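**Q** If you read the sequence shown in the numbering used here, its first letter stands for residue 1, the second for the next number, and so on.
There's no promise every hint is true.
Claimed, not checked - Lysine to aspartate or glutamate pairs mimicking EDC-like chemistry, simulated, CA-CA at most 20 Å apart:
#1 Lys246 x Glu62
#2 Lys246 x Glu292
#3 Lys246 x Asp208
#4 Lys246 x Asp275
#5 Lys246 x Glu221
#6 Lys246 x Asp191
#7 Lys246 x Glu162
#8 Lys246 x Glu299
Keep in mind that the hints were calculated from the coordinates and are not lab data. Note that the coordinates shown come from a computational prediction; the quantities given were computed from them, not determined experimentally.
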Amino acid sequence: MSVVGSRVAVLGATGHVGKCLSAALLGDGTHDVTTVARDSVALARFLAAVPGGAAARRSSFEEFPGCEFDVVLNCVGVGNPESIIALGAEVFDLTERFDRMVMEYLGRHPESMCVSISSGAIYGEFSAPGDGTTPGLADRASLTPREYYGQAKLASELRHREASDQHIVDLRLFGFFSRYADVQARSLMGDIVRAVSRRDVVTVTADDVIRDYVDPDDLAELLRCVMRATPCNGVFDVYSAAPVGKFALLDAFAERYGISYTVEQAPDVPEATGDKPMYYSTDRGAATIGYEPRWTSLEALFRATDALVPGAS
Numbered sequence: 001m002s003v004v005g006s007r008v009a010v011l012g013a014t015g016h017v018g019k020c021l022s023a024a025l026l027g028d029g030t031h032d033v034t035t036v037a038r039d040s041v042a043l044a045r046f047l048a049a050v051p052g053g054a055a056a057r058r059s060s061f062e063e064f065p066g067c068e069f070d071v072v073l074n075c076v077g078v079g080n081p082e083s084i085i086a087l088g089a090e091v092f093d094l095t096e097r098f099d100r101m102v103m104e105y106l107g108r109h110p111e112s113m114c115v116s117i118s119s120g121a122i123y124g125e126f127s128a129p130g131d132g133t134t135p136g137l138a139d140r141a142s143l144t145p146r147e148y149y150g151q152a153k154l155a156s157e158l159r160h161r162e163a164s165d166q167h168i169v170d171l172r173l174f175g176f177f178s179r180y181a182d183v184q185a186r187s188l189m190g191d192i193v194r195a196v197s198r199r200d201v202v203t204v205t206a207d208d209v210i211r212d213y214v215d216p217d218d219l220a221e222l223l224r225c226v227m228r229a230t231p232c233n234g235v236f237d238v239y240s241a242a243p244v245g246k247f248a249l250l251d252a253f254a255e256r257y258g259i260s261y262t263v264e265q266a267p268d269v270p271e272a273t274g275d276k277p278m279y280y281s282t283d284r285g286a287a288t289i290g291y292e293p294r295w296t297s298l299e300a301l302f303r304a305t306d307a308l309v310p311g312a313s
């Protein structure tokens, strides 16, 4: 598919990932971008602040099925750990509802493709990194609340693979943080950025974990790689140029931004999708379609923090 001139619908354009990819596509100036969101006021506010935002078309989810697109980018989802916990088992219905809407659209427009934002949480517990395989779906009755989100995303992926005649590509996102993140939400990076802003102290647990935060520009480039590639039905794990350990991250932020941190045993951030000591993937399948990330996790986090707290470094 030619990337230039593609008609792209971004579903969930006011969410964290949706904002980043909308901004990237609009910044290119080569796409016919339609942003789709439930909150028209929030959408208008976002587009007014984005370079190229005036060129974006706006649509509701009710209007979406009657339009024609080359690419449907499904970014609908839950944005932070607290929201995932609050949603509980409803995440299954939410995910499936928008999933079905897109798949019905593809049924009427078989020449179109969908790129769906999935999650590394589909792997379950991360005593070892993900490796590109797709696990089996667990019996929902046996799940704990911390497994709901990953299993909802896995069920979505399996629906996509069953529709083998449709052009659907899932991108499994592991860590993601950007200038559009809600820094008031409880998360490791939210806590760190607030500390940078206030020149405060971050309190963390003693366990070291490894995370892979992809830069928004790299994620946008992976999207372009998918759009340029031969249409297929498949999945790619998303990765940065290098993951980062929690304490290596904290030490780097202490050096760059002058923050400090203390260690305690009690949990400091909700683990909405379970304990994940090594939340990243070693699978490099995306390289087969030309993806080569530019930024490491640490560089991506520096870039986001510099945007969120200007002059802090």
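**Q** Next, verify each hint and record whether it holds.
**A** Each hint tested on the structure:
With a CA separation close to 42 Å, the supplied pair Lys246 and Glu62 exceeds the 20 Å bound. For the hint linking Lys246 to Glu292, the alpha-carbon distance of about 24 Å lies beyond 20 Å, and the restraint is violated. In summary, the hint linking Lys246 to Asp208 is supported, as the alpha carbons are separated by about 6 Å, within the 20 Å threshold. For the hint pairing Lys246 with Asp275, the CA-to-CA distance comes to about 14 Å; that is within 20 Å, so the pair holds.
For the proposed pair Lys246 and Glu221, the alpha carbon gap of about 26 Å is over 20 Å, so the pair is violated. Taking the CA atoms of Lys246 and Asp191, the gap is near 13 Å; set against the 20 Å cutoff, the hint holds. For the suggested pair Lys246 and Glu162, the alpha carbons sit about 38 Å apart, so the restraint of at most 20 Å is broken. Proposed proximity of Lys246 and Glu299 is supported: the alpha carbons are some 14 Å apart, at most 20 Å.
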